[in-house]
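Line by line, the protein sequences give chains G and B.
Counting along the first sequence from 1, when you hit position 175 you're at 175 in my numbering, and nothing is skipped either side.
Counting along the second sequence from 1, when you hit position 339 you're at 339 in my numbering, and nothing is skipped either side.
Some hints here could point you the wrong way.
A pair holds if it fits inside one copy or across any two, identical chains being indistinguishable in the list.
Said to hold, decoys possible - Calculated cross-link-like contacts (lysine-lysine; reagent style DSBU-like; alpha-carbon spacing at most 30 Å):
#	residue 1	residue 2
1	324	132
2	297	263
3	241	315
4	324	235
5	86	297
6	326	44
7	132	241
8	242	326
Calculated from the structure, these hints are not laboratory results.
None of the values given here were measured: they were computed from a predicted structure.
Protein chains: 2
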Amino acid sequence: MYVVDSMPTATRHYTFDALELDCGRALSPVTIAYETYGQPNASKDNAVLLLHALSGSAHAGFTNDKGEPGWWHEFIGPGRALDTDKYFIICSNILGGCSGSTGPGSTDPKTGHPYGLSFPVITVADMIRAQKRLVEALGIDTLLAVIGGSIGGMQALQWAAEYPDATRAAVILACANRISAQGIAFNEVGRQAIMSDPCWRNGDYYGHTPPRVGLALARMIGHITYLSEESMHEKFGRALKKVDGYHYGFSEDFEVESYLHYKGNRFVERFDANSYLYITKAMDYFDLPDLSSIAAKMFIISFSSDWLFPPAQSKALVRSLRRKSKDVTYCEVQSSRGHDAFLLEVAPLTELISGFLDNVSRQ
Amino acid sequence: MYVVDSMPTATRHYTFDALELDCGRALSPVTIAYETYGQPNASKDNAVLLLHALSGSAHAGFTNDKGEPGWWHEFIGPGRALDTDKYFIICSNILGGCSGSTGPGSTDPKTGHPYGLSFPVITVADMIRAQKRLVEALGIDTLLAVIGGSIGGMQALQWAAEYPDATRAAVILACANRISAQGIAFNEVGRQAIMSDPCWRNGDYYGHTPPRVGLALARMIGHITYLSEESMHEKFGRALKKVDGYHYGFSEDFEVESYLHYKGNRFVERFDANSYLYITKAMDYFDLPDLSSIAAKMFIISFSSDWLFPPAQSKALVRSLRRKSKDVTYCEVQSSRGHDAFLLEVAPLTELISGFLDNVSRQ
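Please work from the sequences and hints to get the whole structure.
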């Protein structure tokens, strides 16, 4: 048996100059961290670009030499949804991120110091334009598919709209062509939590204590929106930490409180608060009403208990695509796991995605 | 015409000694701020106790001498839901609050300083035991009805369960007999926002700058849960503050962001951060599985778009009451206004509540 998870992978970096941005500024140099799994075929028409969500990284697949499995590793490997025997999988860290790609924590060549808030506000379109440069550098003219969930789905949509000749298919998970007012509201409260932390220092905290408390708060708020009420109820209900009842104080009483604290505190060890600001802003700005340029076969997948990107919004996107006579398939996966379902529902997603990619690659 | 809203009202105070609390401690003295509207009848059987939600106060009805209408003033007056020609309405500020009743900002007689975190953690049952003392002092043995929304509904439920002989009817709005894991999670993130603010000083900020930033954040989080996605979409959608597009920075872009900032900043002018901690904790602790003692006629009202206390939870409460053969009526009001609907849906609630009270008072 082929033990896929022990195949070591390493993050590589691609650097290029002068990326023009939606805000009117340009960024130079730009480094994009990426990993690949599987091999390109002779005709180089088997490449799948995987696009990560807010807290993801280039490390999507096989366990790396530090023993860390990738954020979607159950979906990547021989016989899996993204079958490495068939496809050449590329995953890159988004522009503005903090896991190897250029972002607010990178050194500004003009000053020799980290950008901080002088980093330009980037958009989802800026992210995919950087990815396009990487894909070209890897010798790929046309992608078999782009695939992503949440803000990764926004990137996949933007790919399909902006590079119709280079995108044969797109799989959009737990996403819509814009985020709701409620989604903006949650993102803004998370940003306010970070920017209210005295350690944030207007974004200029590199070399000092970072705004851990604010970032942990933002992550806690985020986590509530990633789970469904149903999954929180199943996981925690009103279970208490102490067996002998209430504690009559302001430390943790309930398991759900411990879970949030744990998630918040773990996140600050691996994520940069400024990147959180930039990426959530890009998410809020994303709004793609005009779908007319899309040529890709579109596969929209929603999850029944996702309330951050609810099925109703995915269906509205499907209707918009239908009205433009696009090739679109829709599936709502029944799941209690909320928005996070796109990371967790391995069995149904593997069936759906591998079937779809098979179909696309045969054409 | 009788201009009800110009009838001046004033908040009065009732003080008593030694309230035993669920946590095992006692509080003394206890002051409860209250207002009344209408008059008790000769047999003193027309009293209705109105119970406020997290941010309410004793000032529920007629506009006061500062020109401020009460938090439920459209429901209080001649011909209104709580008809002052028929009923004697009592509304008191909850124990632990910050609008005249004893709370963490009150002076501890033992030290001469504000309690801060040395104030005991109180429960919904503690709140209603203090109310019972006030009601008795007003010469009322039996209440015609108790009525409240959100944590006010929890108090009404507790009244019905703990004082069955003194509670003829209860109207429970936008509430359940416990809060969900998701509700606890939101409350905890709000508390963490307050307690993370350096101005909080472990609760000992009286006489110093209070933790405004943390309290505003907590309120912003709360406000998202009080509105529905639908009402946010109707009210704001993705409307921008600037007509000429995105701002490419981290100040407000969207109307929904301004709204949240406004709500957060206005709240800190009138509310004490420690009271926010104590009241949300009481809300989380509330859990009334045993409904067997209830003798009151129960009226449970939910709102279709309320996701903090969704109709499914109200229906579960109705089923529990039915299983115990209690007298219970249920109504789901169709409203896009989310949890806040219990403050806003004047027309349908006026019909429902006045009909119910009429029926109870005729028996």
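Inset, instruction - Would you pick out the hints that fail for this structure and give their numbers low to high? - result: 2, 7 and 8
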